[in-house]
Amino acid sequence: MADSLAYFLMSWTDLSLLTLTAVGTFAGIYIGAIPGLSVTMAVSILISFTFAWDVNDALALMVGVFCGGVYGGSRTAILLNIPGAPSAVATSFDGYPLAQQGEAGQAIGLSTVMSVIGGLLGVLVLASTAPVLSEFALQFAPRDYFLIAVLGLLLVGSLAAESLSRGIFAASLGAVIGLVGMDPVTAEGRFTMGSMQLLGGIHYVVVMIGLFGVAEAFFQLHQLNVKPVRQNVEKIIPSLNLVLKFLPLSIRTSIIGVIVGALPGTGGDIASLFAYDHAKRSVKNPSKPFGKGAYEGLVAPESANNAAVGGAFVPMLTLGMPGDAVTAVMIGALVIHGLNPGPMLMVTTPHIFWFVVGALVLANIFLLIFGLMGIKLFAKVVELPKAILIPLILVLCVVGSYSLNNSMTEVYWMLGFGIAGYFLKIFGFQMGPIILGVILGPLMDNSYRQAMASVGDSLPAFLTELITNPLSIVLTIAIVLLLLSNFPLKRMIRGSKNAS
Amino acid sequence: MSKHTKLQPGERVFNILLLLFSLGVLYEAYRISGPGFESISSPGAFPVGLGLILIASMIVIIAGQFRKPKPDTKGALDEARQFLQLHFPLPIVVFSAMAIGYLLLLEPLGFVIATLLFLFVSMVYLRHGRFVSSAIIAAVAIAIIYALFKLLFQVYLP
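Residue numbers (the numbering used here), protein chains in the order written: chain Y, 2 to 501; chain B, 15 to 172.
Treat the hints as calculated values from the structure; they're not laboratory data. Be aware that one or more of the hints could be misleading.
From the structure, some residues in chain B lie toward chain Y, with a derived Cβ separation under 7 Å [claimed, not checked]: (1) 28; (2) 30; (3) 31; (4) 40; (5) 42; (6) 53; (7) 55; (8) 67; (9) 77; (10) 99; (11) 102; (12) 106; (13) 113; (14) 133; (15) 151; (16) 170.
Beta carbons are placed, not taken as given, at the ideal position from N, Cα and C, and that holds for glycine.
Generate the whole structure from the sequences, applying the supplied hints.
Structure below.
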């Protein structure tokens, strides 16, 4: 116990570790905020020049970048309607309307405090229930992963689009884009149309930059002469009353975030959408209607996506299974440092576990400090005239997509997706479901095939499992309910009554 | 985006194009591992499912068109004209052309010069003149981007 506490406090008492965590968190906020620079990319680059470092130094920096980055994505989601990361997609639903009403400061302040509350709750759960939760996740079959992904896509489809059919179309389109390239099992080309270049697939970051960066920039050209809303960033620190008012919602959505984050493969992106949906369904009288600047719509995803960070570390540190893309990269980092992430990590090197927990708490404290400072400067970005901002966004998009592979091919793809996204946006198709489809498509394909193979390619056996396995039953019922709740049953019944 | 109560100019054409695209996806999916597939866990199975979902949702969307009033246009030509007017005003067309030009010049001119040129020209166009301030902003922006990405993040620039 005393040993654990000593390891927990290590990053707090060692000046260089303290500094590295602080620098990581600060850099993470800006990396997460700059569209095209992802936390995954940053952590991957960090590995390349920290593998000679001491493992604690490297972990402190990466934990900071991770925490800061998940939060940072929300800033551009609020200020520019460009989520800096997939986990900030839900934040833009209400964050951007708030900025349009001149309340960017309050929105950022509230999202900072809620992120920290969510983040700390996530770490608390990581520290206390890691073994229990990971055992629960161990029971998940590929079939259940498939169902979770379907549920996630249906959720985002019903949330973001004008109608469920548009949402489903967008999500499936994304999944098709995600599947382009070589099949990981048989090495056959899929949707490559015979092109060698497409065999390597389309990087999801390119799609994201195109749809969220370029399409948005083109859309903003319509409002060239609209005077930018003067953002009220004087009042950044939210009042205690406001925080207390939303605390119950924040705690509820943090719990959602931790659980979703702990499921392998699902991270802050799905957690925040689940949380947004929860808020939309459970809050009867929001401060403003959802989608038009409801504080509740900001509190829920921001608490959840930071709570998911703690959750994502649970399977990584106890099972050696990544909770999301960033922890997948971090597993690589641990291996480079000669550690063995997995069930034995807790037994042979418990200090790593407690060190990470301590660094995560510290990073959240720095997040509160940096998050509430320096917003004035950051908010100036939105006060920049569109005529200056739009060319700059395009340049950042070019740099971001080029740096993925150091090739112009990605840049042209990015522009192509930008133009396609512009057309889709015109006719009411939303970008959120597409990008989630891109990320979840390969995961669904993989878990679907594993599930099918495990029952000997027998559809009846697969369907039987759906209604006999307790976990699958819950997930199947959730999917059916979600579909039914969007189906115009009431209208149909009313229509038939009127007709008779 | 707000709910459109009325069909937009060009919406019907766009939906038909998306339906054709969906049919193309189904065809491409069906061709994976030879026409058809041996088992329901073969590489083409999930893609075929996606193709079917795309087509089904597009049919629902197209069926929904009949419930909405048509756009106030006189004939196909007028609808096309209104569509272009609404969604492709001059600034968007000119800026798109500049963006494509920028991408084409990136490799021959190098990142710094091409970006400087693009930022300057596009800002002068979008801000209707203001040569001096546009030049200063472009120069400062490129300096910051270069320092941030090249020196701090060590990202390769075109």
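Here is how each hint holds up against the structure:
1. 28: holds (5 Å)
2. 30: Because about 12 Å separates residue 30/B from the closest Cβ in chain Y, which is outside the 7 Å limit, the hint is violated.
3. 31: violated (9 Å)
4. 40: violated (10 Å)
5. 42: holds (5 Å)
6. 53: Cβ of residue 53/B sits 4 Å from chain Y, so the hint holds.
7. 55: holds (4 Å)
8. 67: Holds, because the Cβ-Cβ distance from residue 67/B to chain Y comes to roughly 5 Å (cut-off 7 Å).
9. 77: violated (9 Å)
10. 99: At about 12 Å, which exceeds the 7 Å cut-off, the nearest Cβ of chain Y leaves the hint on residue 99/B violated.
11. 102: violated (10 Å)
12. 106: holds (5 Å)
13. 113: holds (6 Å)
14. 133: holds (5 Å)
15. 151: holds (6 Å)
16. 170: At about 5 Å, which falls below the 7 Å cut-off, the nearest Cβ of chain Y leaves the hint on residue 170/B intact, so it holds.
The earlier numbered hints that this structure contradicts are 2, 3, 4, 9, 10 and 11.
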